[in-house]
Amino acid sequence: MVLVWLAGCEGERTQSALHPAGEGAQVIAGLWWFMFYLLGAVFVLVMAVAAYAIFRPRAEGGGGKPWGERFIIVCGIALPTVVLLVLLIYALTATMALRKPETAVTIEVIGHLWWWEVRYPEHGIVTANELHIPVGVPVRLELRSADVVHSFWVPELHGKMDLLPEQVNTSWLLAHRVGVYRGQCAEYCGQQHARMAFHVRAVEPSEFEAWVAARSQPARVLTTDAQRRGQRAFVEAGCETCHTIRGTEATGDVGPDLTHFGSRLTIGAGQWRNNAGNLSGWIANPQALKPGNQMPRSFIEPEELHAITEYLLSLE
Amino acid sequence: MRESSDNFAAFERTWTGPARLPGALAEVNNQPLGKRFMLTAFIFFLLGGVLALLMRVQLAVSENEFLGPQVYNQLFTMHGSTMMYLFAVPFLEGLALYLLPMMLGSRDVAFPRLTAFSYWMFLFGGIIFYASFVTGDVPDAGWFSYTPLSGPEYTGTRQDYWLLGLAMVEVAGIATAVELVVTILKCRAPGMTLARLPLFAWTILVIGVMIIFAFTTLLVATLLLELDRAMATHFFNPDRGGNTLLWQHLFWFFGHPEVYIMFLPATGIVSMIVSAFAGRLIGYTLIVVAIVVTGFLSFGLWVHHMYTTGLPELAMHFFAAASLMIATASGVQVFAWIATLWGTAPAMKTPMLYVVGFLFLFVLGGFTGVMVAVVPFDYQVHDTFFLVAHFHYVLIGGVVFPVFAGLHFWLPKITGKMLNDRLGMLSFWLAFLGFNATFFPMHIMGFFGMPRRVYTYAEQLGIDGHNLLASAGAFVFACGPLVFVVNLGWSLWRGEKAAADPWGADTLEWSVSSPPAVYTFAAPPVVRGRHPMWAPAPTDDAETNAPARRITQAMHGRPVTWRATLVTDALHATPQAIQWLPGPTYTPLLAALGLLVAMVATLQQYYLVLPLGLAFSLVAVGSWVWPGEWRLARMRDDDVADAAGLPVFPSGSASTAWWGMVCLLAVLGTVFAVLVYSYYYLWLFSEQWPQERLPRPGLLWPAAALAVLAVGSGAIGWAERQFNRHQLHLTRAGLIAATVAVVLFLAWQGWELYSVPFLPQTNAYGSIYFIAHAALAITLVAAGVLNVAMLVRLHHDPQHHGHTLMQMQLTAMFWHFAVVAAVVTLLVVHASPWVL
Chain A
1 MVLVWLAGCE GERTQSALHP AGEGAQVIAG LWWFMFYLLG AVFVLVMAVA AYAIFRPRAE
61 GGGGKPWGER FIIVCGIALP TVVLLVLLIY ALTATMALRK PETAVTIEVI GHLWWWEVRY
121 PEHGIVTANE LHIPVGVPVR LELRSADVVH SFWVPELHGK MDLLPEQVNT SWLLAHRVGV
181 YRGQCAEYCG QQHARMAFHV RAVEPSEFEA WVAARSQPAR VLTTDAQRRG QRAFVEAGCE
241 TCHTIRGTEA TGDVGPDLTH FGSRLTIGAG QWRNNAGNLS GWIANPQALK PGNQMPRSFI
301 EPEELHAITE YLLSLE
Chain B
1 MRESSDNFAA FERTWTGPAR LPGALAEVNN QPLGKRFMLT AFIFFLLGGV LALLMRVQLA
61 VSENEFLGPQ VYNQLFTMHG STMMYLFAVP FLEGLALYLL PMMLGSRDVA FPRLTAFSYW
121 MFLFGGIIFY ASFVTGDVPD AGWFSYTPLS GPEYTGTRQD YWLLGLAMVE VAGIATAVEL
181 VVTILKCRAP GMTLARLPLF AWTILVIGVM IIFAFTTLLV ATLLLELDRA MATHFFNPDR
241 GGNTLLWQHL FWFFGHPEVY IMFLPATGIV SMIVSAFAGR LIGYTLIVVA IVVTGFLSFG
301 LWVHHMYTTG LPELAMHFFA AASLMIATAS GVQVFAWIAT LWGTAPAMKT PMLYVVGFLF
361 LFVLGGFTGV MVAVVPFDYQ VHDTFFLVAH FHYVLIGGVV FPVFAGLHFW LPKITGKMLN
421 DRLGMLSFWL AFLGFNATFF PMHIMGFFGM PRRVYTYAEQ LGIDGHNLLA SAGAFVFACG
481 PLVFVVNLGW SLWRGEKAAA DPWGADTLEW SVSSPPAVYT FAAPPVVRGR HPMWAPAPTD
541 DAETNAPARR ITQAMHGRPV TWRATLVTDA LHATPQAIQW LPGPTYTPLL AALGLLVAMV
601 ATLQQYYLVL PLGLAFSLVA VGSWVWPGEW RLARMRDDDV ADAAGLPVFP SGSASTAWWG
661 MVCLLAVLGT VFAVLVYSYY YLWLFSEQWP QERLPRPGLL WPAAALAVLA VGSGAIGWAE
721 RQFNRHQLHL TRAGLIAATV AVVLFLAWQG WELYSVPFLP QTNAYGSIYF IAHAALAITL
781 VAAGVLNVAM LVRLHHDPQH HGHTLMQMQL TAMFWHFAVV AAVVTLLVVH ASPWVL
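These protein sequence lines map, in sequence, to chains A and B.
Quick note on numbering: the first sequence equals residues 1 to 316 in this note's numbering.
Quick note on numbering: the second sequence equals residues 1 to 836 in this note's numbering.
With the rest of the complex left out, here is chain B (with noise of 0.2 Å):
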């Protein structure tokens, strides 16, 4: 007994971090990097939120001189971008991260470093955004930056600490969605098969998929953009065979998802509160078939926002009915939120009540959404306040509202302290009303002729009252989240304190006392419902079957020495292995510091120090991603592994490292993917092909370096059959030979971009070709880095099992992708232009 108690105390130490700084900035784990990323995020919020009241006293009579043009400007854009960049995304991601891992019943994240990197460029990029105010060069191209006025020709610096901290939010979304993603899939509780999913994991599985489709593409799109600004290509600009519909395109692939990614979390809270409150559920299933249609969906509703650019009429027409479509999916969780509620009386507490009002809101707003979807319709309204009034009601009652419905609710877990239900009530009413006050008279200003985006309008429209109680609203709205802010500083002084389930809610985070340990479990839990606590798993049912009651009390406080979670299958949850997770390190803080010299160098336009940044990022990277001996060998000889039946070193699909290649293979492939796009677009769009009778690339060499990698690709998989059967020395041989062919193309490339008669800077098609070749060049080096890398590990490591098979299969992984990647550029950019 004594020894155990000793062996606990040990555990725990193992999971605590450094509470000081600077050790604090080496943290890793989720709790404390989820609520960094909320606080962040909210600080972020109220900074908009001043942004927006800024611009409300401007607009509340016509022709005010109180901003003038160029600061208006600037807020409307700083607002917008804040909010949609800074806020609204990262701070749900903050709240998946910190309650995921207590919801599935796991004790961190999957990766707990790409946590801490992902809230470092996240913090890092947003710095970046609000550097402008100090510099006074604030952006003012609007948070979509459409071109050519965000181009190099008619904004100066300022729009580049827009598209540079735009980058690194955008890496730190997709990071974060990657490890929500498979955090998801392989960290959830024995029995918690995905049809027990809770419904706000099935909301964060889903929009994490979205993000590393959409995000990617916008990061694309910025790279791009940030490529003509600062190197003078040409994939924007139509003098140059460029075209400025592409980024319209290419924004609003990113744009309306990200309308979803925001608001399908925001139902998740919703549905997890309103079964709470009711004490029930229904629609279950049907939700979840909701969430995934809308899911896919709004991947076809990028043109709604381009109704008015001159698009063919039946292709607005096929986008207009499926923005309808959209609309039945949204139907379904209102009427199954509905059906939950019916008749049960819930509670009026406050997070209740932040729900009933977001019914209310979303309920308007989307319908004003089904109107702005009909094309006729849309051609008035478009780009006016009746626009504005509609997206806030969607973002704003659609998204805020249940933010702050999953704050009074969540709260108590993670602080520990309950909220103080009068003063939830009072910010509600007083956010609730001011809303209205503000944002409906905006339909009706659109109505009016107000476009958006103007810093005054003329007194003969007649709006001049209108705008008054819009912007008295504005103050009576601001002062919702100012009494939360109160409320929250009086409960974290004076708050009872919280039970460990203060609102008899079913979902295992709710298991856990309040706060939680920074372990969350000390024994991996096992479910056998939906409502695992409605429901506990009987402890001695035929399903809790030995396995899992091995695994739960082998696992018990243990391992001791180093941190590890319980992984389990992606459908059923049946467990598969104990997967160790990193304690503190600072690798993820250098990397991104190192990102971060790279942006401001580019900003500054020190060229010469932006390869010194991303040079000293990627050696962080490589210490981060290579295993200490000491590790491996600890986790060799714990006797965890033996006492619970489970491998500590997974490989395949078993091992949460594979899932986190598929998902970054997902975001290569998407980048891919909108070169090509970009590619037929612009060809789409010019008179001829190349442009300026510029010479059709070649055939003959392209195709003869595909062959040589196609050879180097046999030898990477002979590489991994002979590993399989332990030929170390043929393994070898393999991944040389793999690796000689790597450097082969990489010459041919260099050769064949040197001899091109046409640089990047010649036209849209020279920029085009340039950066396709430069894409799959980085893809190759990094494949012929991981190729010497395992090299190295096999020289390190002569073994076949453990962690050496691990990065054999992930070398393997990339190498194929790799392949893939050179076949589809060569045949688009080498091949199409003799074909089609």
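Chain A extracted, bound-state conformation (with noise of 0.2 Å):
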């Protein structure tokens, strides 16, 4: 019964440690396994022992004595000894499988209170709350964090490693399959901890070379007036003091790099599906949809607020 509950057999899962579809979540799913068979042995077994040691009627004489101390120095210590040996042997050799590969491309995450800043530092990319890497190739990980401690934390690729203030911490991704896998900080950070969410993308190398080529280029060229209106508003409404658009005179730096925010997956730190609606409303009043964010309620008219999310969403 458990195993068909753990096999989650009841549709797709986005954030499961035992789906994985990269080289470290498989390494540790493997050793899942195999501790679930060895240990879940030895539970039944002396589940099994202590039930028949207490239910069994009362031997004739009160009590018997089975083996004395010996029964205690065999079943309390030999045995947890060898079992635990066996688990620690074939956990060394898990550790050994998860020792850091040759990689190719590194990526730098900072936590910050509550979204995750992206950079490519051999690329000149800055990204925020996504990951693309290429599919078959281990990426670097280089973490710290901007305030309190954090942890990146992508199930189905790879366990999870702290962001720390005071030094660099760093781990790897190794994608085996093409697909978007959901992380999400798994150390608590504060008030909207919870609402600390990021994808990663996973696509073939070629498409790689390809979002890294288009990305490194400044905001795209606007093409429709209501792009301009937008634009102009932007900065009108302050939002270049904490944002930065590359090509243009937003260059803040509190706030996430929205230099081709349209082609995001998602708003809000892995939150909210990145549309027209949504984001007009994460604009209008981020406070209302993760309180305690950075982002201040803006007193913005609403042509000019469409205008905004047009704009934001056209920077592909």
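These aren't lab readings, by the way, just hints derived from the structure by calculation.
Don't take each hint at face value.
Label pairs and their computed distance ranges (CB to CB) [as the list claims (entries may be wrong)]:
#1 Pro296/A / Phe133/B: 22 to 32 Å
#2 Glu209/A / Val293/B: 39 to 49 Å
#3 His317/B / Arg56/A: 37 to 47 Å
#4 Ala615/B / Thr241/A: 46 to 56 Å
#5 Pro101/A / Leu433/B: 43 to 53 Å
#6 Ile127/B / Glu102/A: 25 to 35 Å
#7 Phe133/B / Cys242/A: 30 to 40 Å
#8 Arg56/A / Leu433/B: 23 to 33 Å
#9 Val289/B / Ala97/A: 45 to 55 Å
#10 Gly489/B / Phe36/A: 56 to 66 Å
#11 Arg70/A / Lys497/B: 39 to 49 Å
#12 Leu827/B / Ala41/A: 51 to 61 Å
Only a predicted model underlies this, so the values are computations on that prediction, with no experimental measurement involved.
Every residue, glycine too, gets a C-beta built ideally from N, C-alpha and C.
Starting from the two chains in their separate frames, assemble the complex, guided by the hints.
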């Protein structure tokens, strides 16, 4: 029953450590199933012995004394030692398999209250709440925090690693399959810890190259009047004090870089689908959707709000 | 005969505390205070449970808006803090305070006033925690309060409720631990050697020692964090050379032993119940070894809470291996219980039922514990609901179930009324089934990507069903304790009267009536085996020799006009002295009130009131430890000493005070060890030391100051020798010389701190530099005050024996410790930056 439940036949999962799509997660899932069967068998055995000891009818002459203290030494010391040694050896092989591989791409991830800054130092790309990685290529992660402790976790790809304010921690990802994998902050970081998610988009290497080439460009040229009006309104409303849109006068560094915002899957750090409705709702009052976050409520006329939305969504 | 019954009535009056307010506030006896501890902790348990239910309502469905993020974060913070700090340890300590004297054959614990002080500190600390709900400024940085989230930059005053409340509760925990350790070592019935000590007492002895080290570490950590918040120091501020991981290390150096501090007494309860229901005990020695080994190893595991913080791989495997070893120690206990129960067909009364439930839940939780200790696996499940499931199996299954087993087992002794067995079984099944429905699905939620401490989760995780089941289960689970409360009420109102030994159990608490007399034993019992109730000491064998009989007879209902108990040797429990015990007094309450004022002043940032509260508290403690002349005279004049052939003014290791001082020095030693650790930890992660090109500290003056202190140390040693040779004038001279040495040293320290070109607020180096000097200065001031107190004592009481001798010994012990502390501190702070 437990197995059926664990196997999770009820549709697609988006954040499951037991449905690995990457090297690290696969090794760890293997370790889990090994431990599950080994320790599960021992658990059943111990419970059976305990039940027999407690519930069997009273022996003639008041209580058997199976083997006295020898029983305790064999079952309580010798047996666990053997089981735990087997486990430890298996765990060590798993650890070897998780040693950092030679990596081709480096991504810096910087945790903020409550969003993720993502940088590709080799390619000069800055984005937020989304990592693009090539399938089959090990990617190096350099993790640090701009404020409190966070933890980077994409269960389908690998285990987690903390982001600290005082040092850079490293980890790696190696995706086996093309797909979008959801990740989430795993170290309590304050009010909106629950809404600090992100996505990893694993794509074919050629597609990754194309993405890098496109993202290295400044923001795209505007084509409609509404977009141009939106750009002006963006500046007039003061958005540029916190956000950067490369190629424009917006160079703030408090909030996420919005240079290629239109191509992002979600807004609010992995929370809501990135579309016109959600986006204008967010801009109008981010505090209603994600109370406590750094972005203040704005008081923008509906027309301008509409223009800003259109402008941002055009930044693909 | 007439005279002796009059005497006995007077003896009982001496022991009877005031029943009504306000006199009841002066109570110091272990029985009422043990009950107050347990009742207060149980109320906190129920409060923590209510918080948990609210959390489960919020999490019942995804994207729920029942509570909102702020409130949810406050609730999980307070839930964890309540259960860890305000329920588990205080409850178990309360149970131990109540039970140990009657289990060991003593009339009270070693330091009754300390019991009262602990209780008030615990209560006031808990009130500070919960006062935050009244002001609406509820702490929300988690029970672990990781920096920098809990630091001044990210959290307002609400975190101060947590830190200051916790500080008071920690002091209570440490004080009770000292109390329990000394009680177990010194207040045992003649013949109860350590090899005959009941297993519950063994677990309390081990956790008492663990608390002294672990809680003191947390106490120092909380004070450092409070300094960061209130005085702008930088211990945990990475922008100014501090280190946030330092907090995690200090916290888990407390936090991991804490798990075993809760769990070991629970195993002690289980051992007592298992042997009572089996009518025998197999594997006593192995269990004792397992308990001691667990205690030791638990201090080597703290890093397994930090596998994902980027530590070196080798270090992590060391901690993983240690974690697996400790599992073996638990295995020994489990199989010892199985062997004991084997084929004895124990009656399935409520206590036994809870023990069986414990076995299932704890072994399951233990197995998932082995899993999370495996480093790579922890990468995935760390800080997920898998962890939440694991530690609730261990803490509820492994601690709360044994606590309920113990309540059903010992409440008849405490209240004198039996509980209803049917209601007990109902409470068990509700709790057991509800518990599994709540927490088993959480394993799976963790695998499917649900992190801990989230107020909501995305529907796409596909865990709505699991969460709904967990929430429903929580309400079923909550009915278990509720039925227990009903059962308790019913039992008090209508319950069948309990016999002295309703379970046929083996230890001494079952030899006294239910409920016991407040003095527990009219005459000290004599013990001749591990199971005194199954094989009572024969009254006429060779081993129950004349001295023991003489003591038993001499102390029957005596001394009459003052409270006293028999103290025995720590190892062999041979009688050593008749120990005076205090009667009702308000001083512990006043001392705790002074500290409460100091804490509230800090909370409200009225820093001028802070020293007033501390001073008030110190005066109260001073009047508490200073014996009244009338009391000493009464002890001197009593002929119980001659009748029993034992001293009433013991000294050296025969006295409880000596052991109390050893424990106090262990606490202070831990304080210095934590500061030294922090000093080198900060250094290790700094690019340069001293930070920011500050000059290295001086060498010459500290060396000179140490030399002066060494002379003072010689003077104290000399004074003690002169005292033993009855040369009281020379003793005075030595004490005065030592006091002068302290004053000179303190003057140098003041000058040193005044003249260094930085402040505690400059950077982390400045912070640790000042705090190390401050800790040393406080220790030396205390040593100086003790010197002066000894001079006053000699003035009042110019004699070599009795209380004066004890005070001289304690003064010298503290002094020598202070000198060692000075040497270590100055070597670390002044010499090591030149050498390393």
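Hints versus structure:
A beta carbon spacing of about 29 Å between Pro296/A and Phe133/B agrees with the range 22 to 32 Å that was offered as a hint. Distance hint check for Glu209/A and Val293/B: the Cβ-Cβ separation is about 58 Å, which falls outside the suggested range of 39 to 49 Å. Distance hint check: the CB atoms of His317/B and Arg56/A are about 42 Å apart, consistent with the given range 37 to 47 Å. At about 52 Å, the beta-carbon gap between Ala615/B and Thr241/A stays in the expected band of 46 to 56 Å.
Separated by about 47 Å at the C-beta atoms, Pro101/A and Leu433/B satisfy the suggested range of 43 to 53 Å. For Ile127/B and Glu102/A, the hinted distance range of 25 to 35 Å is not satisfied, since their beta carbons lie about 59 Å from each other. For Phe133/B and Cys242/A, the Cβ-Cβ distance of about 35 Å falls inside the hinted range of 30 to 40 Å, so the restraint holds. At about 25 Å, the CB distance of Arg56/A to Leu433/B agrees with the hint of 23 to 33 Å.
Remark: the range hint 45 to 55 Å for Val289/B to Ala97/A is contradicted by a beta-carbon distance near 37 Å. Look at Gly489/B against Phe36/A: about 44 Å separates their beta carbons, and that is not inside 56 to 66 Å. Checked against the hint of 39 to 49 Å, the C-beta distance between Arg70/A and Lys497/B comes to roughly 44 Å, which is consistent with it. As the Cβ distance of Leu827/B to Ala41/A is approximately 55 Å, the hint placing it in 51 to 61 Å holds.
In this structure, the earlier hints numbered 2, 6, 9, 10 are contradicted, and the remaining ones agree with it.
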